[in-house]
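Model the full assembly from the supplied sequences, consistent with the hints where possible.
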Amino acid sequence: MASDQVTLLDLWASPFGMRVRLALAEKGVKYEYSEQDLMNKGALLLQMNPVHKKIPVLVHNGKPVCESLIIVQYIDEVWKDKAPFLPSDPYQRAQSRFWADFVDKKIYDFGRKIWMEKGEDQEAAKKGFIDSLKLLEGELGDKPYFGGETIGYVDIALVPFYTWFYAYETIGNFSIEAECPKLIGYCKRCLKKETVSKSLEDPKKVYDFVVMLRKKYGIE
Amino acid sequence: MDEMKYSMAEEIKVFRSWSSPFALRIIWALKLKGVEFDTIYEDLTNKSPLLLQYNPIHKKVPVLVHNGKVICESLVILEYIDETWKQNPLLPEDPHQKANARFWAKFGDDKVMQSIGGGVLLKEGKEQEEGFAASMEDLKYLEEEIRGKKFFGGETIGLADIALGWLAHYLDIFEEIVGLKLIDQEKFPSLAAWKQEFTNAPIIRENWPDRDKLVTKFAAMREANLGKGTPK
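Protein sequences, first through last, are from chains R and W. Mapping of the first sequence onto full-length UniProt numbering: position 27 corresponds to residue 27, and the numbering continues sequentially without gaps. Mapping of the second sequence onto full-length UniProt numbering: position 53 corresponds to residue 53, and the numbering continues sequentially without gaps.
Don't take each hint at face value.
[Stated by the list, open to error] Listed below are the simulated DSS-like cross-link pairs for lysine-lysine, each with C-alpha atoms no more than 30 Å apart in a straight line: (1) R:Lys134 with W:Lys31; (2) W:Lys181 with R:Lys80; (3) W:Lys187 with R:Lys105; (4) W:Lys13 with R:Lys105; (5) W:Lys140 with R:Lys63; (6) W:Lys60 with R:Lys106; (7) W:Lys69 with R:Lys53; (8) W:Lys13 with R:Lys106; (9) R:Lys80 with W:Lys123; (10) W:Lys111 with R:Lys216; (11) R:Lys80 with R:Lys193; (12) W:Lys31 with W:Lys69; (13) R:Lys63 with W:Lys69; (14) R:Lys106 with W:Lys213; (15) R:Lys134 with W:Lys123; (16) R:Lys53 with W:Lys123; (17) R:Lys41 with W:Lys69; (18) R:Lys118 with W:Lys123; (19) R:Lys54 with W:Lys33.
Treat the hints as calculated values from the structure; they're not laboratory data.
Right, here's the structure in full:
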């Protein structure tokens, strides 16, 4: 393991990138972080992810792994002696995969519409977003984390999106905490962990980034 | 002793529709592993209370119920099946190869299905042209990946083959309906060869839904999407 060469091609504000940073932190893996300019994609990114040309990309001993949840599973399987993300029982694993997939299908898409759309479309996205968070609250139940007593696959999939909540709330003019206090409580609990706090970006900085994106896309 | 045997018997149920390519994945995976199961056909225009109870979040097929344990989402179900019944593995052991198989399965769902199903089948005019161009890009990547291999999984059918397998049967049907050739033998020789291998593979070839019924169904879906009213 000492001879492992691990590089992460990433963009600081990406919640998908933060998933990988958190996964590597949980496993205590040393890696080189390489900030990418997505307006002017570098040769390494295009070589390592020719199909999607997106971040995050994990390059492990020269071989790329793409797509954030696929990378997180890869990390779990390679560095398997510490902090397992998935349970060992196949049914429990299936439940974790289902909910991580749910985060991908719902949280990201609705969240994106909140900051990109206006009027009715934005309202529909806000409703879909809150409804989805409430379903996640139901799944969390009384557990400290989705993974149980420790952070697991679903936590890694979800908690980076918390850094975008302030942007969603400010642009969408609503309070996520008012609707989903349990989920916000959960996110704050996660942030108390050093691996999480050092892997997640400052929500205010993310907000500035989103404002910049909106200006670039001509959304006012 | 017989009572013991019965109580240890597996109870496996698959909720499917007759036409869903997603549900077909589950049928293939279970049969490839020699696992016996019961099938419950759903009419997706009139979903059963049981389906809605088992899949309240997405309300879709397929659903797998294994000894009362419910699993939803076809790619999640496939991984469950592979971890539960270890014969004829769908995923390799090596983590990087495993990641690669998962990547192509996801590529199929996120990209190929959108460009071909959404873009080519359900659109016309300029939108269809854009869909066609996008699907050519997507198929090019698949062509590069399959080149030199019998299946995406190598010598045997793997997760990516099962996820992309709908191409081997449904694509001809879509091509017929829209009058466009997508997997052209000359443009995509390796992919065309894979289509032949997969469509004729044991188990796979016995489980395709009725072709004529599929033509009718997808032609109607195209008509409805183009807003042409009641299909003929």
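To see whether the hints hold, each was checked on the structure:
{"no.": "1", "hint": "R:Lys134 with W:Lys31", "verdict": "38 Å, violated"}
{"no.": "2", "hint": "W:Lys181 with R:Lys80", "verdict": "46 Å, violated"}
{"no.": "3", "hint": "W:Lys187 with R:Lys105", "verdict": "33 Å, violated"}
{"no.": "4", "hint": "W:Lys13 with R:Lys105", "verdict": "26 Å, holds"}
{"no.": "5", "hint": "W:Lys140 with R:Lys63", "verdict": "21 Å, holds"}
{"no.": "6", "hint": "W:Lys60 with R:Lys106", "verdict": "16 Å, holds"}
{"no.": "7", "hint": "W:Lys69 with R:Lys53", "verdict": "39 Å, violated"}
{"no.": "8", "hint": "W:Lys13 with R:Lys106", "verdict": "28 Å, holds"}
{"no.": "9", "hint": "R:Lys80 with W:Lys123", "verdict": "46 Å, violated"}
{"no.": "10", "hint": "W:Lys111 with R:Lys216", "verdict": "26 Å, holds"}
{"no.": "11", "hint": "R:Lys80 with R:Lys193", "verdict": "21 Å, holds"}
{"no.": "12", "hint": "W:Lys31 with W:Lys69", "verdict": "19 Å, holds"}
{"no.": "13", "hint": "R:Lys63 with W:Lys69", "verdict": "37 Å, violated"}
{"no.": "14", "hint": "R:Lys106 with W:Lys213", "verdict": "33 Å, violated"}
{"no.": "15", "hint": "R:Lys134 with W:Lys123", "verdict": "36 Å, violated"}
{"no.": "16", "hint": "R:Lys53 with W:Lys123", "verdict": "27 Å, holds"}
{"no.": "17", "hint": "R:Lys41 with W:Lys69", "verdict": "45 Å, violated"}
{"no.": "18", "hint": "R:Lys118 with W:Lys123", "verdict": "27 Å, holds"}
{"no.": "19", "hint": "R:Lys54 with W:Lys33", "verdict": "36 Å, violated"}
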